[in-house]
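Peer 1: So you can see what is in the structure, the chains are spelled out below.
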Amino acid sequence: GENVEQHPSTLSVQEGDSAVIKCTYSDSASNYFPWYKQELGKRPQLIIDIRSNVGEKKDQRIAVTLNKTAKHFSLHITETQPEDSAVYFCAAREGGGNKLTFGTGTQLKVEL
Amino acid sequence: NAGVTQTPKFQVLKTGQSMTLQCAQDMNHEYMSWYRQDPGMGLRLIHYSVGAGITDQGEVPNGYNVSRSTTEDFPLRLLSAAPSQTSVYFCASSYSVLDTQYFGPGTRLTVL
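Same order as they appear, the protein sequences are chains A and B. In terms of this note's numbering, the first sequence opens at residue -17 and continues consecutively. In terms of this note's numbering, the second sequence opens at residue -1 and continues consecutively.
Simulated from the structure, these hints should not be mistaken for lab results. One should not assume that every hint holds.
[To be verified] Ranges of calculated distance between the beta carbons of each label pair, as one might list FRET restraints:
(1) A:51 to B:59: 26 to 36 Å
(2) A:77 to B:39: 41 to 51 Å
(3) B:84 to A:22: 35 to 45 Å
(4) B:20 to A:43: 31 to 41 Å
(5) B:84 to A:0: 14 to 24 Å
(6) B:15 to A:2: 41 to 51 Å
(7) B:98 to A:-9: 23 to 33 Å
(8) A:-11 to B:36: 32 to 42 Å
(9) A:39 to B:25: 35 to 45 Å
[Unchecked claim] Okay, derived cross-link-like pairs now, BS3-like style, lysine-lysine, Cα gap no bigger than 25 Å in a straight line:
(10) A:91 to A:81
(11) A:24 to B:7
(12) B:7 to A:19
On a predicted model such as this, the values are computed, not experimentally measured, just so you know. For glycine and all other residues, C-beta sits at the position ideal for the given N, C-alpha and C.
Make a model of the complete structure from these sequences and hints.
Peer 2: Here it is in structure tokens:
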């Protein structure tokens, strides 16, 4: 089955700096890669996703890049703000199947 | 729209007891899934369903049963609770695995 590795497990940045979280996946047929944000005590919520026919997608301060050859994708957050502090999960949908496999999460802390 | 609802919010069980975690959605979503969240391990898929009458196993199905008799409901049954099942359980729904997963508020389960 699909295996998703996520790094780093914790990330601390200064307000206004950029943050990058990286994920690798094992199934070369995987074709859908969402990112979820989970604030403390809350449920996960989708922030951005990308499909395998696209190399990059942006939504305001958030962007995701996908490298199918290397089988990795990354979340980029620019101009970080305190409200960006949360746990971020990447995920990959196994090729042709109906399972979504999540990474182990990155605790992002934005310091003032 | 209530979205995805889960009951109970908290539950304490003794080893060997059985119980059912309830999940319901009012968005007419075909795809529903159950995850458990443990520290440092991300969200792990237990079972999922692509429509009424259809269920399949995820990454960690042992000790859990599901059924999907209606589009709206997707209960998760713990057959004989074990301390290893202490976790936070999230139910999610979406139109398909390729669409935004809407998570419920979660159930915090402790097995003594």
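Peer 1: It remains to establish, for every hint, whether it holds in the given structure.
Peer 2: Here is how each hint holds up against the structure:
no.: 1; hint: A:51 to B:59: 26 to 36 Å; result: holds (33 Å)
no.: 2; hint: A:77 to B:39: 41 to 51 Å; result: violated (23 Å)
no.: 3; hint: B:84 to A:22: 35 to 45 Å; result: violated (19 Å)
no.: 4; hint: B:20 to A:43: 31 to 41 Å; result: holds (37 Å)
no.: 5; hint: B:84 to A:0: 14 to 24 Å; result: violated (37 Å)
no.: 6; hint: B:15 to A:2: 41 to 51 Å; result: holds (45 Å)
no.: 7; hint: B:98 to A:-9: 23 to 33 Å; result: holds (25 Å)
no.: 8; hint: A:-11 to B:36: 32 to 42 Å; result: violated (19 Å)
no.: 9; hint: A:39 to B:25: 35 to 45 Å; result: violated (24 Å)
no.: 10; hint: A:91 to A:81; result: violated (30 Å)
no.: 11; hint: A:24 to B:7; result: holds (12 Å)
no.: 12; hint: B:7 to A:19; result: holds (21 Å)
Comparing the model with each numbered hint stated earlier shows that hints 2, 3, 5, 8, 9, 10 do not hold.
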